[in-house]
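I would like the entire structure built from these sequences, with the hints used as guidance.
First to last, the protein sequences are chains E and W.
Positions in the first sequence are counted from 1; adding 898 to them yields the numbering used here.
Positions in the second sequence are counted from 1; adding 82 to them yields the numbering used here.
Source of the hints: derived by calculation from the structure; they are not laboratory data.
Using N, Cα and C, we set each Cβ at its ideal position, and we do this for glycine too.
Careful: at least some of the hints might be erroneous.
[Claimed, not checked] Stretch by stretch, here's where chain E covers chain W in the computed footprint (C-beta under 8 Å, at least three residues):
| hint | stretch |
| --- | --- |
| 1 | 121-132 |
| 2 | 255-268 |
[To be verified] Quick list of in silico lysine-lysine cross-link-like pairs, BS3-like style, CA-CA up to 30 Å:
| hint | chain 1 | residue 1 | chain 2 | residue 2 |
| --- | --- | --- | --- | --- |
| 3 | W | K184 | E | K1117 |
| 4 | W | K184 | E | K1062 |
| 5 | E | K1162 | W | K105 |
| 6 | E | K1104 | W | K104 |
| 7 | E | K1062 | W | K105 |
[Stated by the list, open to error] According to the in silico footprint, chain E covers these stretches of chain W (three or more CB under 8 Å from chain E):
| hint | stretch |
| --- | --- |
| 8 | 84-96 |
| 9 | 148-158 |
| 10 | 170-176 |
| 11 | 216-228 |
| 12 | 232-244 |
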Amino acid sequence: MTGFVGTYPHAAGFYAGDRPRIVTGRFEHADSFTLERYLATDGYAGLRAALEMTPQQVHDEVRGGTILGRGGAGFPAGVKWGLMPEGVYPRYLVVNGDESEPGTYKDRLLMERDPHQLIEGCLIAAYAVGLSQVFLYVRGEMALAQERVAAALNEAYAAGYIGKSILGTDFSVDIVLHWGAGAYVVGEETALIESLEGNRGEPRLKPPFFPAAIGLYGKPTIVNNVETLSNLPWLLRNGATEFVKIGTETSPGTRMVAISGHVKRPGVFEIINGTTTFRDIIYGDDFCQGIRDDNELKSFVPGGGSAPWFLPDQLDLPFESKPVGAAGSMLGSGAVMVMDATTDIPAASLTLVRFYAHESCGQCTPCREGATWLEQILQRVVDGLGTRRDLEMLFEAGGTICPGDFPHAASERLGIEAQPFPFKMTTICFVGPSAYTAIHSALTLFPDEFEAKVAANGNGPTPIPVIVSTSAGGGA
Amino acid sequence: MARLTETNVALAREIIARYPRKKSALIPLLHLAQEQDGYVTDEAMQHLAELVDVTPAQVLGTASFYEMFKFHPVGRYVVNICGTMSCALLGAHELIERAEAKLGVRSGGTTPDGAITIERAECQAACTEAPCLQVNYRYRYRVTPDQLDTLLDDLAAGRLADEIPPHGTLQANRQRIPADRWVGPRAPEDVSVPPVWMVDRTDSPDSTDSPDSSEETTP
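Shown next as structure tokens:
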């Protein structure tokens, strides 16, 4: 952890490198979360710039920056704001700080290390679209992030940046810290809204009505990710024209990416959008510096636990939505999980299948039952008790959640072509399909490893389902 | 041990007042109840129902959805060992087995002295710092089996009391909104026109609604 330029021990896991930093610029300061440091480093200058403009001009500026949503779906923030029906008030902003996608670690870092930047982003959004109130929803398990955000809100209120007549103008808005209590599905925007209304976090059916039209309390609501909003202060300070000079035309700016698993130096990096490849990230000296013990790379998950897996064949793809989607996966929430040659693939996929089975809210039958069966059958296979029939059943059970072709990567070794996005689904939200993703990828890309697990039991009849152990099954 | 104390009722009312609808405060209030008693008691849920004008069954309905709420006593320290992919790839399984063997309880169980509960948790958003765990939602990164042993010993002996508050206490500090700066929420049905700055600062002629002057009033 020492001896590397731009390594900040107080920002666990973060490596600055020699790259432009839009949202992590203050991480080098140990006191980056205080108002004092924030004001000494251009803090609230973006808000001041915004207040010099009309709300419409601010909205246009954000639209001009084409900030693709950093939460997973990648929808441009400025366009999302514009989907709210004209003239309908009140309007709310719910900040999605419920980061819990397997592999993802960035929003927590932004909330812990630079809460004022997020607050300033909220204020800019509030000003641009005429919000009545902002709710900052932080994941329940993140005690430190909640403390840092609470302290920053208290400082900003006292200093006149939040509340009545902000900076002496006619702009007034409250920001309320809200915190959850442990439920992955609440990261889905309509579940987030349900949770904020004090209900069980079960996603709402959409379409036809998206939160922008009918959201919190049935009113127009924007749900934006923490990283998305954290880009706004820089964008307003420097202008959209400067913002789009970084990255590519379709994916401007930077994005935070967490790379974990079997790499020499796992970490969080702010990378340039679109131009950085997976090979750069995994093998680059300025990034993860290669696979641990110089092992061979076996597979990697390019965009969080919900993303279909990639093989070394896909290493040279750029970190950009379109090519990754065409290659059969997605960028999701900026999380790469790397598996080296020693990995037991069925066991590794089980850890993800179990995650989704555990986190299913239970609302849709295909997800509630399907994910549970996927977990139980896969557990049986991993325990060496499965048969070939079990492997077929995994595809059958997954097919009840996602009928038809499911996205997967191409493999030269297996001679298979990529199946691009999208896919069909029988559930309200993406938790169901996500439960199928890991096992589908593992079975499709590494059939031999599953065959080895069931070979001893052959085609025999399916044994009685084993009870899933309450202890960890464990990866490799 | 039961209903909220007077101090906590005052705090609960302060939190409720921030939301346009009382029920929105439910999850933060359940945390408050858990902070008071270490877990969420039936009496506390009854009390919360009165405070936010819903039925006790509705409170339980919400509370039971969320993993962090406990409805029976747990250890003073709840140790959540992450077992999702990145941590599993780097030895989470060994950590969980080690903790179970050392404490003589299975995941989900509590030591007989009531000091430690261990749980096999799902992804905690510290994947680059795998394998990780949380003690009462305070992180420990890149945990080795030896470090885990030391940690469990320290917790059992009460040596980390200064650093880690007892289970239930999530935030060591709270949001406090100063009365003179507070705009205050309004019932969604009472707002139908744009806030004042949207009207004053428009460059398009279509917004001719009168400014929402009540936006300025103190609730």
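Hints, verified against the model:
Using a Cβ-Cβ cut-off of 8 Å, 0 residues of the stretch 121-132 of chain W lie near chain E, which falls short of the minimum of three, so the contact claim is violated. Restraint check on the stretch 255-268 of chain W versus chain E: 13 residues with Cβ-Cβ distances below 8 Å, three needed, restraint holds. For the proposed pair W:K184 and E:K1117, the alpha carbon gap of about 52 Å is over 30 Å, so the pair is violated. A distance of roughly 55 Å separates the Cα atoms of W:K184 and E:K1062; the hinted pair therefore is violated under the 30 Å criterion.
A C-alpha spacing of about 48 Å is found between E:K1162 and W:K105, which places the hinted pair above 30 Å, so the restraint is violated. As the CA atoms of E:K1104 and W:K104 are separated by approximately 26 Å, the hinted pair is consistent with the 30 Å bound. About 25 Å separates the Cα atoms of E:K1062 and W:K105, which keeps this hinted pair within 30 Å; it holds. Proximity of the stretch 84-96 of chain W to chain E, defined as three or more residues with a beta carbon under 8 Å from a beta carbon of that chain, is not established by the 0 residues found.
Residues of the stretch 148-158 of chain W lying with their CB closer than 8 Å to a CB of chain E number 4, which satisfies the three-residue condition for coverage. Figure legend: the stretch 170-176 of chain W, annotated as covered by chain E; annotation consistent (6 residues with Cβ-Cβ distances under 8 Å, at least 3 required). Counting residues of the stretch 216-228 of chain W whose beta carbon lies closer than 8 Å to any beta carbon of chain E gives 6, which meets the minimum of three for the stated coverage. Under a criterion of three residues with beta carbons nearer than 8 Å to beta carbons of chain E, the stated coverage of the stretch 232-244 of chain W fails, only 0 such residues being counted.
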